[in-house]
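Visitor: As you go down the protein sequences, you meet chains A and B in turn. Just so we're aligned, residue 547 is where the first sequence starts under our numbering, counting upward by one. Just so we're aligned, residue 19 is where the second sequence starts under our numbering, counting upward by one.
Rather than coming from a laboratory, the hints here were simulated on the basis of the structure. Keep in mind that the hints are not guaranteed to be accurate.
Claimed, not checked - Pairs of lysine to any residue residues, derived as SDA-like cross-links and limited to a Cα-Cα distance of at most 20 Å, are as follows:
#, chain 1, residue 1, chain 2, residue 2
1, B, 320, A, 1253
2, B, 320, A, 1245
3, A, 823, A, 850
4, B, 320, A, 1257
5, B, 162, A, 667
6, A, 1066, A, 971
7, B, 86, B, 110
8, B, 20, B, 134
9, A, 657, B, 19
10, B, 57, A, 646
11, B, 20, B, 57
12, A, 785, A, 727
13, A, 905, A, 917
14, A, 823, A, 695
15, A, 663, B, 134
16, A, 1066, A, 554
17, B, 162, A, 1186
18, B, 20, A, 644
Chain by chain, the residues:
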Amino acid sequence: MAKNAWPAADKRDLIGERISRLDGPVKATGHAKYAYDMNRPGMLYVRLVWAPYGAAKIQSIDTSAAKAIKGVAGVWNEMNEGDEIVHAGQIVATVAATSEEIAQEAWRAVKVAYEVKQPQMNDTVLENADEKEQRDEIPDAATVDKAYADAEVKIDGHYGLAPITHCCMEAHGQFAEMKDGDQYIWPSTQNVSAYAAGLTDAAGLPASQIHVDCQYMGGGFGSKFSSDQWGAICSRISKETGKPVKLMLERDQELMVAGARPSAFANVKAGATKDGKITVFDSTCWGSGGMGTSRGLGVPYVFGNVPNIRRVARNVRTNRGSQRAWRAPGHPQACLVTMAALDDLAAAANMDALEFFLKNLDLTERPDVYREELQIAADMIGYKEKAHLRGDSGDGPVKRGLGISIHMWGGGGHKSECNCTINPDGSVSVALGTQDLGTGTRTVVGIVTAETLGLPLKRVQVNIGKDQYPPSGASGGSTTVGGVSSSSRDAATNALNMLLEKVAPSLGVPVDQLEAWDGKIQVIGDPSKSVTWEKACSMLGQIPITGKGSKPTSDGTELDNSGVGGVQMADVSVDTETGRVTINEFVAVQDCGLIIDLKTAESQVYGAMIMGVTYALYEEAIYDPITGRMLNADMEFYRLAGLADVGTLKVHMMTGPGYDERGVIGLGEPPVISPGAAISNAVANACGVRVPTLPLTPDRVIAALEQGGKLA
Amino acid sequence: MKSFEYAAPQNLDDAIALLASGEAAFVLAGGTDLVTSMKQGIVSPARLVSLKAIEELKGVDTSGDTVKIGAMTSLAELASNESVAKLYPSIVTAVNKIGSAQIVNMGTVGGDLCQYPRCWYYRNGFGLFGMENGQPLIPDGENKYHAIFGNDGPAKFVCASSLGPALVALGATVTVRGADNQPRDIPATEFFKTPQSPEDPLTAVAVGEVVTHVAIPAKATKNATYEIREREGLDWPLVTATVVYTDNGGKAQDARVVLGHVAPVPWIATGAAAALEGKAVDESSALEAGAAAVEGATPLSKNGFKVQLAKVAVKRAALAAAQA
Ligand SMILES: Cc1cc2nc3c(=O)[nH]c(=O)nc-3n(C[C@H](O)[C@H](O)[C@H](O)COP(=O)(O)OP(=O)(O)OC[C@H]3O[C@@H](n4cnc5c(N)ncnc54)[C@H](O)[C@@H]3O)c2cc1C
Ligand code: SF4
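With the sequences and hints as input, model every part of the structure.
Guide: Structure follows, in structure tokens:
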């Protein structure tokens, strides 16, 4: 009997190797078809008319001119006279036309009159917080106050992160088509198996008659879990007109309504003994998730066992689109607030930051992991040679510095079901309703199945992305790899055991003495007593076999785990005359249990680091305070890092004993948590002053330098 | 985008004739700005007259006592021309910093000079002056990329052209031709205009006119441009400075300093030039020039940092010119 448990290191042929993703070539050559790429004869193009104000009341909607345009298939009011607009980008009306150009012309022809009101846009000041939305956790005010008063070293700092958007390369949206009374949907989604459920009302069909197919998607980062209002509009129009319909958000609306990370600001009083032991962390945090609520921050982050903690949290409601889960919700914010405050505390104690962090690791949940990771990261970046206390004392306006941050994440696997089918001709397919966000999920499922069956990767046909396959959870919270590797391992093991039953008589040994290895079914460890895979499969007769697998697994074996730690260090230069920050080197050390594909795991970390440099240095949603309009809802002034901006990136994954036997743990989120804090700390170390708020743009850096008397 | 007519004349005379239909006929060069502007709905031409096929508008002629650059010369071709590289490092820096192969290969010299401002209020449909219901949005709004000079009127945007400041500093002349078919020379210093009303033009090019070429004195000078940007990737400068002078026995003569992206037009910093004139260009005179350049700056609520940037850009451009 093959066992579900992961094979030992010497019995792994594919797992843990650096394997290129299966869909790399189709993506690189443009053959991969995304929702955007869907086209059908006679299709309709949809444009959404959106409100250009943060706060307003609709006075009238005039669609007559739009309706009169030749080629316009329909114009619908999505809101009505008298309705309130609470953020710019809200959908007011919809137009559908036979070409993109006509749709745009009709879109411009819809005339909406508004009574404009003053929006609330400023989330940077605590006074704007809603008094009703408090989340205070004040254990014992007197003790915390006393601990701060008594602290030998103390800081009183302000930290913050501006709101950013998800800015997925592929905008939100879907393509819908009716066939034989059923509706077929090609969406861009992180949630294939549950997508149809959100469209039943709009399509007027039961979920069983809505069929979803998402083979490739261009980024979600937490913003693509549901079919959304625009998905429903698309399905409704397709059902109503009987035509194929494409509805993808335009870039500007995408940035305004389809996902935002809440801003976060904090005032922190922290204290330590003079030899650098943290004694107190007292914080007041606020932030805005637009019309959605921001959560309070889990601070102090990672160092949760600081003895005296007070946490006050407030929400500021602003007239911006609602926040959505953004890759590790709440963590990058909590991480910046904590790590920056602690780094300031180390500087106040006149201590090296690494020494300070090491000294306080007992206040974290995983001190041994962080210790090992800190040491590795320090070696990788040349910490000893480069480190200096706060403030580079070298000549010239360009100062160099190092910064450290550490983070944590859960990452246990989600529920997942999977079928693994072995055909009499030896071909193998595996099917599950998961999705590959570009992370390598398809490749991971293939690797696990091939490894389990002792086959090369190319022998396995991986079928994902359709809701006709056994359901899998949404890809969020770094839960996918734990879920799908468990269910596909379970399914392949169960299929293999069915095959071994058929083969055992011909090899004259009991099933439990057989294994699949190197394209053969053999007596364990003895290739001389074997049959080839093809021969073995031919013993199935006419009928294929299908093994069913799931997470939790069918026999209860736990193949996944939860709880990871990571360390990042940045080496930056700050031009103290211009406020320009550049990344020299940026190092990430990360654990995630047993790694299925080292290459896609590393890529995940590289990608997160690039995303991290972006929100640390450039990214910011900027709104006009009077009209409430997002002014940089484009990819010109909504700046993302280019390759020339990210510096030299180095990644080290923790593998081997102590890590592998923990099982598979998710990785999507953890590496994007620390960059803001690590880079902010490096900037402080370089130029000698804390730039309180991300992104660290020249205006902010210059203001901080000026205030600290360090402007060159 | 609205439907429009498209014409691709083979010679300049035809182009000028096709443009004579009035305001709604626009010159199309590389299209990198115009097509975006049409999609954004900030202009709606009835007719586009493409200059792509007109050979006489292309290329760099170095035979005379000026370097003559055709308006349809691509920015990439301009920066890679050997004479240009030798005589005008200030231009090469300005072009290379644009940093996108697509833009510099498609974008042209004429287009760069005539492009619309990048002000995000303008591009979001609030008009050149950023107005909503008669109320100016920019003074109390998001103005960190806006003007710190020449902003006392309604125009708060900055001129987008990177070539502009260098051409002004180098003493270039821009030649245009209109319905009368007579070439008209415009000194670069008078080419850019600050509008006082929304209907005012942004350049001295009249309706129906085409920029045919730019001529720069083929004189050996020390010159350099220094740009400050937020990132390396495709972007716009926060501030630029071009410094030009003639080296006279180690002293600066005929110094000119022009700032970019600080005003609705390339901003001539007379005081900075005076600070360099007759002196060796070194750390101390460069520093003085920087300080002089920002005297009288009138930053808005959120762009005070650009004053610091302008100071530094001038200093660094002067030092770079001295090294050139
Ligand atoms: C993201 C981004 C970043 C950029 N960064 C920079 C930068 O840093 N610095 C910079 O300078 N530019 C920058 N550019 C702008 C780019 O340089 C201009 O778009 C380009 O130079 C315009 O040239 P074009 O030939 O494409 O002009 P077009 O788009 O064809 O025309 C632009 C305007 O000029 C008019 N026009 C063009 N040629 C003539 C002529 N011969 N006579 C009369 N009128 C004419 C057109 O009618 C139109 O109004 C950037 C552009 C983008 C999109
Ligand atoms: S990604 Fe960049 S290069 Fe490619 S089409 Fe868009 S703007 Fe052009």
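Visitor: Now tell me if each hint is right for this structure.
Guide: Status of the hints after comparison with the structure:
1. B/320 - A/1253: Satisfied, since the Cα-Cα distance of roughly 16 Å is no more than 20 Å.
2. B/320 - A/1245: At roughly 8 Å apart (the allowed maximum being 20 Å), residue 1245 of chain A and residue 320 of chain B satisfy the hint.
3. A/823 - A/850: Measuring from Cα to Cα gives roughly 14 Å; hence the hint holds.
4. B/320 - A/1257: holds (18 Å)
5. B/162 - A/667: The given pair, whose Cα atoms are some 17 Å apart, holds under the 20 Å limit.
6. A/1066 - A/971: holds (14 Å)
7. B/86 - B/110: With a Cα-Cα distance of about 16 Å, the restraint between residue 86 of chain B and residue 110 of chain B holds, given a limit of 20 Å.
8. B/20 - B/134: Distance of about 19 Å is within 20 Å: holds.
9. A/657 - B/19: holds (17 Å)
10. B/57 - A/646: holds (12 Å)
11. B/20 - B/57: Cα-Cα ~9 Å, so holds.
12. A/785 - A/727: holds (9 Å)
13. A/905 - A/917: holds (10 Å)
14. A/823 - A/695: Measuring from Cα to Cα gives roughly 15 Å; hence the hint holds.
15. A/663 - B/134: violated (31 Å)
16. A/1066 - A/554: holds (19 Å)
17. B/162 - A/1186: Measuring from Cα to Cα gives roughly 18 Å; hence the hint holds.
18. B/20 - A/644: holds (16 Å)
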